Structures are given as structure tokens and as C-alpha cells.
Amino acid sequence: MKPELPENHNLLGLAYCRAERFEEGIAEYRKALELKESRASTAQSVSVATIRTNLANALTIIGNNLSGSATEIPSEATRRYEEAIAQYKKALELEPNQPAIHRNLGLLLARLGRLDEAEAHLRATLQIVPNEPAAEETLKEIEARRR
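So the numbering used here is basically just the index in the sequence shown, starting at one, shifted up by 304.
Because the hints were derived from the structure by calculation, they are not lab data. As the structure is a prediction and not an experimental result, all values here were calculated from the model. Think of the CB as a built atom: it goes at the ideal place given N, C-alpha and C, for glycine as much as any other residue. Among the hints, erroneous ones may be present.
Each computed DSBU-like pair below joins lysine-lysine, with the alpha-carbon atoms no more than 30 angstroms apart [said to hold, decoys possible]:
#1 Lys-306 to Lys-335
#2 Lys-306 to Lys-394
#3 Lys-335 to Lys-394
#4 Lys-335 to Lys-393
#5 Lys-444 to Lys-394
#6 Lys-444 to Lys-393
For each label pair, taking beta carbons as the anchor points, the in silico distance ranges come out as [what the hints assert, rightly or not]:
#7 Ala-323 to Asp-420: 32 to 40 angstroms
#8 Asn-369 to Arg-418: 17 to 25 angstroms
#9 Arg-450 to Met-305: 47 to 55 angstroms
#10 Glu-441 to Asp-420: 13 to 21 angstroms
#11 Pro-378 to Arg-449: 17 to 25 angstroms
#12 Arg-334 to Gly-372: 23 to 31 angstroms
#13 Glu-447 to Glu-311: 36 to 44 angstroms
With the hints as extra help, turn the sequences into a complete structure.
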């Protein structure tokens, strides 16, 4: 592997996460971002958004693993979730019409009870991909929680 290529670190991050070695995956995504952003051009913004999304997804999974089905979310899980939210938002700055980023961010915000923010991102998902199942289902759950 050529360590100077961000794409290799992104792929290694994906492999680690598929093997449920999320901390190692996150380290690789961060290295990929560090390398990519040091020489980023507008043409590379899509790949930076992809890496940020991968990082955010891994952070969310760790947060989910830490919190499990607990009603009180542990502080470490909350820290991971907040970092994931920041990464999703940075990815959206680069790729504002990417439905998967809006959906994943909306799902995470809904889990955290930030319903207004979640609704906005889930509706953005549906504007891009009408009838997206996870977005539709979560919006129904949000409406039910508000009653």
C-alpha cells in the first residue's frame, strides 16, 4: 500500500469497519482526510465528502454500540454522535444534494431527539429521492412522537 495516497487509507478504513474494527477504521479515515485536504481541489471535494461520510458512519456505529438500547446515552456515545454530526455537516457542505448524507444525519438526529433538525434533513432526502423508505418511516415516527 502506498501510504501517501488518501484513497488507500479510505479503503483500509472501510475494510476495518467491515471487520467491526471501528477505532482503526476511524484512524484510517482521519489519515485519508489529512492527506486529501492538504492538497484538495474542487474536483476532489466529492471524495472528501465520501471519506467524511464514512468517518461519520463509523462514529455513529460506535455511538450505537456504546449506548445500546439504554434510554440514557453515555457521555462517550454522545461525544461520538456529536463528532459524527459535525462530519456529516462538513460532508454536506461539499455535497449538499447527497441524499444518503441527509438521511444518515436525519436518522442520527432523530435518535438524539433533535426532531426539528432531523425532520429537515429527512425532508431534504425525500426531495432528492422520493419514497426513500428510511426517511419516510422516521418522519412517521417523528410525527408520532410529537403527538
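Hints, verified against the model:
{"no.": "1", "hint": "Lys-306 to Lys-335", "in the structure": "holds, 13 angstroms"}
{"no.": "2", "hint": "Lys-306 to Lys-394", "in the structure": "holds, 27 angstroms"}
{"no.": "3", "hint": "Lys-335 to Lys-394", "in the structure": "holds, 16 angstroms"}
{"no.": "4", "hint": "Lys-335 to Lys-393", "in the structure": "holds, 19 angstroms"}
{"no.": "5", "hint": "Lys-444 to Lys-394", "in the structure": "holds, 27 angstroms"}
{"no.": "6", "hint": "Lys-444 to Lys-393", "in the structure": "holds, 23 angstroms"}
{"no.": "7", "hint": "Ala-323 to Asp-420: 32 to 40 angstroms", "in the structure": "holds, 37 angstroms"}
{"no.": "8", "hint": "Asn-369 to Arg-418: 17 to 25 angstroms", "in the structure": "holds, 20 angstroms"}
{"no.": "9", "hint": "Arg-450 to Met-305: 47 to 55 angstroms", "in the structure": "holds, 49 angstroms"}
{"no.": "10", "hint": "Glu-441 to Asp-420: 13 to 21 angstroms", "in the structure": "holds, 18 angstroms"}
{"no.": "11", "hint": "Pro-378 to Arg-449: 17 to 25 angstroms", "in the structure": "holds, 22 angstroms"}
{"no.": "12", "hint": "Arg-334 to Gly-372: 23 to 31 angstroms", "in the structure": "holds, 25 angstroms"}
{"no.": "13", "hint": "Glu-447 to Glu-311: 36 to 44 angstroms", "in the structure": "holds, 41 angstroms"}
Violated hints are absent here; each numbered hint is respected by the structure.
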